[in-house]
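All chains, please: the whole structure from these sequences, using the hints.
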Amino acid sequence: MKRFRRRFVLVSMLSMLGVSVTQALAASAPDRIRIGLSSYTPINAAVWIAEDKGIFKKYGIDTEVVVLAGAAAGGVSALIAGDVQFLTAGGGAVINAGLNGADAVMIGSIVNKGVQRVMARSDIRRPEDLRGKRVGVTRLGASSHMVLLLMLRQWGMNPNEVQTLQLNASPAMMAALEKGAIDAAVLTEPTFFIAEDLGYRVLADLADMDIYYLHSMIDTTRAYLKTHRDLTTRFMKAYVEGIAYFKRYRAESVEVMKKKLRTAPAQVKYLERSHTLYASGYFESAPYPALKGVTSVLEFMAKDNPKARTAEPRSFIDGSIVKEIEDSGFIKKLYE
Numbered sequence: 005m006k007r008f009r010r011r012f013v014l015v016s017m018l019s020m021l022g023v024s025v026t027q028a029l030a031a032s033a034p035d036r037i038r039i040g041l042s043s044y045t046p047i048n049a050a051v052w053i054a055e056d057k058g059i060f061k062k063y064g065i066d067t068e069v070v071v072l073a074g075a076a077a078g079g080v081s082a083l084i085a086g087d088v089q090f091l092t093a094g095g096g097a098v099i100n101a102g103l104n105g106a107d108a109v110m111i112g113s114i115v116n117k118g119v120q121r122v123m124a125r126s127d128i129r130r131p132e133d134l135r136g137k138r139v140g141v142t143r144l145g146a147s148s149h150m151v152l153l154l155m156l157r158q159w160g161m162n163p164n165e166v167q168t169l170q171l172n173a174s175p176a177m178m179a180a181l182e183k184g185a186i187d188a189a190v191l192t193e194p195t196f197f198i199a200e201d202l203g204y205r206v207l208a209d210l211a212d213m214d215i216y217y218l219h220s221m222i223d224t225t226r227a228y229l230k231t232h233r234d235l236t237t238r239f240m241k242a243y244v245e246g247i248a249y250f251k252r253y254r255a256e257s258v259e260v261m262k263k264k265l266r267t268a269p270a271q272v273k274y275l276e277r278s279h280t281l282y283a284s285g286y287f288e289s290a291p292y293p294a295l296k297g298v299t300s301v302l303e304f305m306a307k308d309n310p311k312a313r314t315a316e317p318r319s320f321i322d323g324s325i326v327k328e329i330e331d332s333g334f335i336k337k338l339y340e
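Residues in the sequence shown are numbered consecutively from 5, following the working numbering.
Hints are computed from structural coordinates only; laboratory data are not their basis.
Check the hints yourself; a few may be wrong.
Mimicking BS3-like on lysine-lysine, the simulated pairs with C-alpha atoms at most 27 angstroms apart in a straight line are [stated by the list, open to error]:
| hint | residue 1 | residue 2 |
| --- | --- | --- |
| 1 | 263 | 273 |
| 2 | 251 | 263 |
| 3 | 336 | 62 |
| 4 | 57 | 262 |
| 5 | 230 | 62 |
| 6 | 262 | 273 |
| 7 | 337 | 327 |
| 8 | 230 | 296 |
| 9 | 251 | 327 |
| 10 | 296 | 311 |
| 11 | 251 | 57 |
| 12 | 273 | 183 |
| 13 | 327 | 296 |
| 14 | 273 | 117 |
| 15 | 337 | 57 |
| 16 | 262 | 117 |
| 17 | 307 | 296 |
| 18 | 336 | 57 |
| 19 | 62 | 262 |
| 20 | 61 | 251 |
| 21 | 251 | 296 |
| 22 | 311 | 230 |
| 23 | 117 | 337 |
| 24 | 251 | 62 |
| 25 | 61 | 262 |
| 26 | 296 | 336 |
| 27 | 336 | 251 |
| 28 | 327 | 62 |
| 29 | 117 | 251 |
| 30 | 230 | 327 |
| 31 | 62 | 337 |
| 32 | 57 | 273 |
| 33 | 62 | 263 |
| 34 | 57 | 327 |
| 35 | 251 | 262 |
| 36 | 296 | 117 |
| 37 | 117 | 311 |
| 38 | 273 | 251 |
| 39 | 230 | 61 |
Written as structure tokens, this is what we have:
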């Protein structure tokens, strides 16, 4: 009886304020979304932090974060199919899908610049030593493969001069290096730190090369952006706040990565090095999708895809929500 009386009083008060019960319940119910990750590495730390620390919930969002099969290309397929509403994936896959008429758009960046390194056996001293050698990537068409192709072009080598093998993930490539199944691999952190400690040579570091590549982006569809702009804005605010948390709280951020990646205690030092790498400059406070990166990828694709030659770079990105968030002073306040 008392419960009924309290509910009656609440309904009466809402009615007096001109607010329907349906509106009130809708306002309090969180929006449910699925976020797809195309890789399982520390690069997704800001997303994990926003989930783990309740930042998404703070903005009225109930999230399910899933790792998708098929690397970036598989992630884009899941996005287009509506299996996920937001995706983290390399920009090349989104651009390639867009060239084929798919409704995918980059609305933010995780890392605009590539962080991959080519790690090789110690006897491979120069890029030209890769001729005829076996080089591991995650999957053909994925970020690691695209980076390898960009590097080969800069070195004046053709893709058919190396044997490219698909091994699905950096840890699998590391294991293949140790077994002698491959001679080199395009690795991300923290695996390239492990490889370096084991004596493998840093044959090339993308960060030191004049190659601007969209390593990992925040993606959605234009249709979803149009019909769910408020939700997308709240999602991006939570993500931006996740970046700020990552930069300000090292120990806590490493702990989140350790939990998500199920890292053994002896390997935590590599997560700490990954944190230093990303916090020092790769994670941008205002994560705009980089037009320069789109142009770079299109120029590379133009050799084999006529559509890339005439494509408008701006058609693949929409930085309007990041701009609105930055112009409001929201990002500045996070760092005060």
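The hints, checked one at a time:
Proposed proximity of residue 263 and residue 273 is supported: the alpha carbons are some 14 angstroms apart, at most 27 angstroms. About 18 angstroms separates the Cα atoms of residue 251 and residue 263, which keeps this hinted pair within 27 angstroms; it holds. Distance restraint check for residue 336 and residue 62: the Cα-Cα separation of roughly 19 angstroms lies within the 27 angstroms cut-off, and the hinted pair is therefore satisfied. A distance of roughly 14 angstroms separates the Cα atoms of residue 57 and residue 262; the hinted pair therefore holds under the 27 angstroms criterion.
Distance hint between residue 230 and residue 62 is fulfilled; the C-alpha atoms sit about 23 angstroms from each other, no more than 27 angstroms. A threshold of 27 angstroms between alpha carbons decides the hint, and for residue 262 with residue 273 the separation of about 10 angstroms falls inside it, so the pair holds. Straight-line distance between C-alpha atoms of residue 337 and residue 327 comes to about 15 angstroms, which keeps the hinted pair within the 27 angstroms bound. Our distance criterion of 27 angstroms between C-alpha atoms is met by residue 230 and residue 296, whose separation comes to about 25 angstroms.
Distance hint between residue 251 and residue 327 is fulfilled; the C-alpha atoms sit about 21 angstroms from each other, no more than 27 angstroms. The straight-line distance between the Cα atoms of residue 296 and residue 311 is roughly 18 angstroms, inside the 27 angstroms bound, and the hint therefore holds. For the given pair, residue 251 sits about 14 angstroms from residue 57 by alpha-carbon distance, which is consistent with the 27 angstroms threshold. At roughly 24 angstroms between alpha-carbon atoms, residue 273 and residue 183 fall within 27 angstroms of each other, so this suggested pair holds.
Among the hinted pairs, residue 327 with residue 296 is consistent with the structure: their alpha-carbon atoms are about 17 angstroms apart, no more than 27 angstroms. Under the criterion of a C-alpha separation no larger than 27 angstroms, the hint pairing residue 273 with residue 117 is consistent with the structure, at around 23 angstroms. With a CA separation close to 19 angstroms, the supplied pair residue 337 and residue 57 stays within the 27 angstroms bound. As the CA atoms of residue 262 and residue 117 are separated by approximately 24 angstroms, the hinted pair is consistent with the 27 angstroms bound.
Distance hint between residue 307 and residue 296 is fulfilled; the C-alpha atoms sit about 18 angstroms from each other, no more than 27 angstroms. At most 27 angstroms may separate the alpha-carbon atoms for a hinted pair to count; residue 336 and residue 57 meet this at roughly 20 angstroms. Using a Cα cut-off of 27 angstroms, the hinted pair residue 62 and residue 262 holds, with the two alpha carbons roughly 23 angstroms apart. For the given pair, residue 61 sits about 20 angstroms from residue 251 by alpha-carbon distance, which is consistent with the 27 angstroms threshold.
In summary, the hint linking residue 251 to residue 296 is supported, as the alpha carbons are separated by about 25 angstroms, within the 27 angstroms threshold. A C-alpha spacing of about 26 angstroms is found between residue 311 and residue 230, which places the hinted pair at or below 27 angstroms, so the restraint holds. Proposed proximity of residue 117 and residue 337 is supported: the alpha carbons are some 26 angstroms apart, at most 27 angstroms. In summary, the hint linking residue 251 to residue 62 is supported, as the alpha carbons are separated by about 19 angstroms, within the 27 angstroms threshold.
In summary, the hint linking residue 61 to residue 262 is supported, as the alpha carbons are separated by about 22 angstroms, within the 27 angstroms threshold. With a CA separation close to 24 angstroms, the supplied pair residue 296 and residue 336 stays within the 27 angstroms bound. Among the hinted pairs, residue 336 with residue 251 is consistent with the structure: their alpha-carbon atoms are about 14 angstroms apart, no more than 27 angstroms. A threshold of 27 angstroms between alpha carbons decides the hint, and for residue 327 with residue 62 the separation of about 21 angstroms falls inside it, so the pair holds.
Annotation: proposed proximity of residue 117 to residue 251 holds, straight-line Cα distance about 18 angstroms (limit 27 angstroms). The straight-line distance between the Cα atoms of residue 230 and residue 327 is roughly 16 angstroms, inside the 27 angstroms bound, and the hint therefore holds. Pair hint residue 62 plus residue 337 holds up; C-alpha atoms about 16 angstroms apart against a cutoff of 27 angstroms. This hinted pair checks out: residue 57 and residue 273 have alpha carbons roughly 22 angstroms apart, not beyond 27 angstroms.
Restraint check for residue 62 and residue 263: the C-alpha separation of about 21 angstroms stays at or below 27 angstroms, so the hint holds. Restraint check for residue 57 and residue 327: the C-alpha separation of about 25 angstroms stays at or below 27 angstroms, so the hint holds. Taking the CA atoms of residue 251 and residue 262, the gap is near 16 angstroms; set against the 27 angstroms cutoff, the hint holds. The hinted pair formed by residue 296 and residue 117 meets the criterion: a straight-line CA distance of about 10 angstroms does not exceed 27 angstroms.
About 24 angstroms separates the Cα atoms of residue 117 and residue 311, which keeps this hinted pair within 27 angstroms; it holds. Distance check on the hinted pair: residue 273 and residue 251 sit about 17 angstroms apart at the alpha-carbon level, within 27 angstroms; holds. Proposed proximity of residue 230 and residue 61 is supported: the alpha carbons are some 22 angstroms apart, at most 27 angstroms.
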